[in-house]
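> Taking the hints into account, I'd like the entire structure generated from these sequences.
The listed protein sequences correspond, in order, to chains A and B.
Residue 353 in the numbering used here sits at position 293 of the first sequence, with consecutive numbering throughout.
Residue 350 in the numbering used here sits at position 290 of the second sequence, with consecutive numbering throughout.
Worth flagging that the hints you see were computed from the coordinates, not collected in a lab.
What you are looking at is a predicted structure, and each value in this text was computed from that prediction instead of being measured.
Warning: the hint list may mix true and false statements.
Heads up, the list lumps identical chains together, so a pair's fine if it works in one copy or across two of them.
Stated by the list, open to error - In the SDA-like style, the derived pairs of lysine to any residue whose C-alpha atoms are separated by at most 20 Å in a straight line are:
(1) 437 <-> 408
(2) 79 <-> 394
(3) 437 <-> 403
(4) 79 <-> 191
(5) 79 <-> 391
There are 2 protein chains.
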Amino acid sequence: MPATFPRGFRGVTAHLGVKESAADFAVVVSEVPATSAAVFTQSRFAGPSVTLSRADAPLHGSRGMVTVSGNANVANGAGGVEDAVELRRLAAELAGVEPAELLVASTGVIGRRYPMERIRAGVAGLARPLGEADFAATARAIMTTDTRSKQTTVTCGDAVLTAVAKGVGMIEPNMATLLTFFFTDAEIPAAELDAMFRRVMDRTFNALSIDTDTSTSDTAAVFANGLAGPVDLAEFEQALHRAALHLVREIACDGEGATKLIEVRVTGARDDAQAKRVAKAIVNSPLVKTAVHGADPNWGRVAMAIGKLHQETDIDPDLVRIHFGELEVYPAPSTEELLAAASRHLASDEVVIGVELGIAGGAFTVYGCDLTEGYVKINADYTT
Amino acid sequence: MPATFPRGFRGVTAHLGVKESAADFAVVVSEVPATSAAVFTQSRFAGPSVTLSRADAPLHGSRGMVTVSGNANVANGAGGVEDAVELRRLAAELAGVEPAELLVASTGVIGRRYPMERIRAGVAGLARPLGEADFAATARAIMTTDTRSKQTTVTCGDAVLTAVAKGVGMIEPNMATLLTFFFTDAEIPAAELDAMFRRVMDRTFNALSIDTDTSTSDTAAVFANGLAGPVDLAEFEQALHRAALHLVREIACDGEGATKLIEVRVTGARDDAQAKRVAKAIVNSPLVKTAVHGADPNWGRVAMAIGKLHQETDIDPDLVRIHFGELEVYPAPSTEELLAAASRHLASDEVVIGVELGIAGGAFTVYGCDLTEGYVKINADYTT
Numbered sequence: 061m062p063a064t065f066p067r068g069f070r071g072v073t074a075h076l077g078v079k080e081s082a083a084d085f086a087v088v089v090s091e092v093p094a095t096s097a098a099v100f101t102q103s104r105f106a107g108p109s110v111t112l113s114r115a116d117a118p119l120h121g122s123r124g125m126v127t128v129s130g131n132a133n134v135a136n137g138a139g140g141v142e143d144a145v146e147l148r149r150l151a152a153e154l155a156g157v158e159p160a161e162l163l164v165a166s167t168g169v170i171g172r173r174y175p176m177e178r179i180r181a182g183v184a185g186l187a188r189p190l191g192e193a194d195f196a197a198t199a200r201a202i203m204t205t206d207t208r209s210k211q212t213t214v215t216c217g218d219a220v221l222t223a224v225a226k227g228v229g230m231i232e233p234n235m236a237t238l239l240t241f242f243f244t245d246a247e248i249p250a251a252e253l254d255a256m257f258r259r260v261m262d263r264t265f266n267a268l269s270i271d272t273d274t275s276t277s278d279t280a281a282v283f284a285n286g287l288a289g290p291v292d293l294a295e296f297e298q299a300l301h302r303a304a305l306h307l308v309r310e311i312a313c314d315g316e317g318a319t320k321l322i323e324v325r326v327t328g329a330r331d332d333a334q335a336k337r338v339a340k341a342i343v344n345s346p347l348v349k350t351a352v353h354g355a356d357p358n359w360g361r362v363a364m365a366i367g368k369l370h371q372e373t374d375i376d377p378d379l380v381r382i383h384f385g386e387l388e389v390y391p392a393p394s395t396e397e398l399l400a401a402a403s404r405h406l407a408s409d410e411v412v413i414g415v416e417l418g419i420a421g422g423a424f425t426v427y428g429c430d431l432t433e434g435y436v437k438i439n440a441d442y443t444t
Numbered sequence: 061m062p063a064t065f066p067r068g069f070r071g072v073t074a075h076l077g078v079k080e081s082a083a084d085f086a087v088v089v090s091e092v093p094a095t096s097a098a099v100f101t102q103s104r105f106a107g108p109s110v111t112l113s114r115a116d117a118p119l120h121g122s123r124g125m126v127t128v129s130g131n132a133n134v135a136n137g138a139g140g141v142e143d144a145v146e147l148r149r150l151a152a153e154l155a156g157v158e159p160a161e162l163l164v165a166s167t168g169v170i171g172r173r174y175p176m177e178r179i180r181a182g183v184a185g186l187a188r189p190l191g192e193a194d195f196a197a198t199a200r201a202i203m204t205t206d207t208r209s210k211q212t213t214v215t216c217g218d219a220v221l222t223a224v225a226k227g228v229g230m231i232e233p234n235m236a237t238l239l240t241f242f243f244t245d246a247e248i249p250a251a252e253l254d255a256m257f258r259r260v261m262d263r264t265f266n267a268l269s270i271d272t273d274t275s276t277s278d279t280a281a282v283f284a285n286g287l288a289g290p291v292d293l294a295e296f297e298q299a300l301h302r303a304a305l306h307l308v309r310e311i312a313c314d315g316e317g318a319t320k321l322i323e324v325r326v327t328g329a330r331d332d333a334q335a336k337r338v339a340k341a342i343v344n345s346p347l348v349k350t351a352v353h354g355a356d357p358n359w360g361r362v363a364m365a366i367g368k369l370h371q372e373t374d375i376d377p378d379l380v381r382i383h384f385g386e387l388e389v390y391p392a393p394s395t396e397e398l399l400a401a402a403s404r405h406l407a408s409d410e411v412v413i414g415v416e417l418g419i420a421g422g423a424f425t426v427y428g429c430d431l432t433e434g435y436v437k438i439n440a441d442y443t444t
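Shown next, in the form of structure tokens:
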């Protein structure tokens, strides 16, 4: 029988004074060397946490991470880089590993320096050696405006995979999401781990959009310490996909102000890439998002969102079919009965919008949420 | 002294029963042949009003337009095309011109057929010949959810130019905006009119975004009947630009739920096209729009929005400067005083966000509005 959590990960969470009260510091590291893979934001304003971690990522030898929440340490110039380097050194000393073996991640307000005095004093006071990693506490410690922590555990033979994530706004990841970390005791060669991690991220975290805004701090990483021995790689990739998809759906449901998950399934495209562009245009349309919020069966807005992609000259409105849940709403005649049934589907917690383009076999599914007054309220008054 | 309005335009507005009560039908035509230029939505779901008008546009001989508001006549299949052809024929008979001399424009809900019985009966009852065009009534008759009509008049020598526009949501025009029509008695050769109209539209209506959603019905057209004789073309282009910019600012202020105009001025770009991409990324960011709504001097969100353009590898965060109004907020140190002053600027009716990229001389300015609870309320319950 597999363990409850992956074996051989140590860690700590703490409140060091970056946030007012809640935990704002987390370290998780493997006791033994591990293979790793990671993807990062492509933002031109990526902060030093990302640039530092990205520099070491090709080594595929990260044993874990240190995360600070409540302050993204972005747009702070040379001082911000020094702070990130010092943070990594302090965490590495605490964990008994080399600085280059630790990813640094950071999330929160942009343009403010870390309170380094408090961080130094806080880390100095933490017990060593680190105890067994507490993944539930880690999931809580990396939160910012999340209303709930996101964590999942799956197994693959004897191996266990536990993953945590955070993120509610500024979310349209491009190669990664805000912060998500996968820890496993499976033994997986670095090259295979890297390839499978990118494939899974592309169909899960890169298929998620809360508000079209891309964070400066997105980081996704997997650490595999091998203590459970080898696994079937195909089976492990499925488990990794299941865990990632679970977190993506959790994040979409917890999107800032969100009341519903929206899943947009595009089929019949020229290729998967076209399907993804169409699906993203729909899930990102504020008019589609507000119609779903109001359970308004206004399929014309879905047609509008598809129509925006004017470069896609092989999309023919006469071949397109639009579904809300199981119901075809276009080109079916818009009877009162049909619209009432469509409205009932839109009133549910998980709304599925299906679009068949009638061109070829390309398909892609993306995940998002509705746009509500709550989103505006949360974001009209965040820093001050 | 020039006339108050351009000479030689006849027209009518009426309530035919497309909307519940307000005027929903407008015709304006030149008494004499005119030159014309027009640009249209690039939506793949463009309706028959657009496809019909676009087919005749290259003739540059349109004498005016017929507009129906309250119903976009989009996604109605072959029946919708028949309705558009009949509407144009009825309006042409009413105006005493050839159908091919009339642009057809239509705006409102998608996916519903026109009430053709009511339109036929209504048009049959209108007085002929048409009286002098009433531009104020025309501006009102083309409205949908607009809270106020948009109209402006400028002069150029003896010639007069009057323009009307409508639009509050589903607005990120691509080559055109929702509906805007320019009428002038200047004499302008068709080729010059077409070239100058496209130049002006690119810097005005194509620089406007309310919500990133592109309408299926966008149409912009200018009609020049020559009754005031020739004009200085450069001077006329300036007048046209002034009129268009006035309407763009009116539309941005009246954006669905909007409480403020946002103007984003990007300078120092590699070229104007790059400046436009950066400006659009900022004006379309929901996190920037909500920060402006809350007068929150969160310039980190402007940095984030710039950073989203990861393909723009020549953008260097260390060279970027961000201004709110006259105030540099990045990389200037974020003192309490500075943030308070920035917040005061963001609390005004017209917010200016300036970004200097420090690369070369490219510049572009775009126009938009804040994102408010009102936008969500209006759009969560529109058709039903």
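> Each of the hints needs a verdict: does it hold here or not?
Against the structure, the hints come out as follows:
Taking CA atoms no more than 20 Å apart as the test, residue 437 paired with residue 408 passes between copies only; the shortest distance there is 19 Å, against 23 Å inside one copy. When the C-alpha separation of residue 79 and residue 394 is checked against a cutoff of 20 Å, the pair qualifies only between copies, where the shortest distance is 19 Å, while the shortest distance within a copy is 52 Å. Taking CA atoms no more than 20 Å apart as the test, residue 437 paired with residue 403 passes between copies only; the shortest distance there is 17 Å, against 26 Å inside one copy. For the homomeric pair residue 79 and residue 191, neither the shortest alpha-carbon distance inside one copy (24 Å) nor that between copies (70 Å) is at most 20 Å.
Proximity of residue 79 and residue 391 under a CA criterion of 20 Å is satisfied in neither setting, with 52 Å inside one chain copy and 24 Å between copies.
Checked against the numbered hints above, the structure breaks hints 4 and 5 and satisfies the rest.
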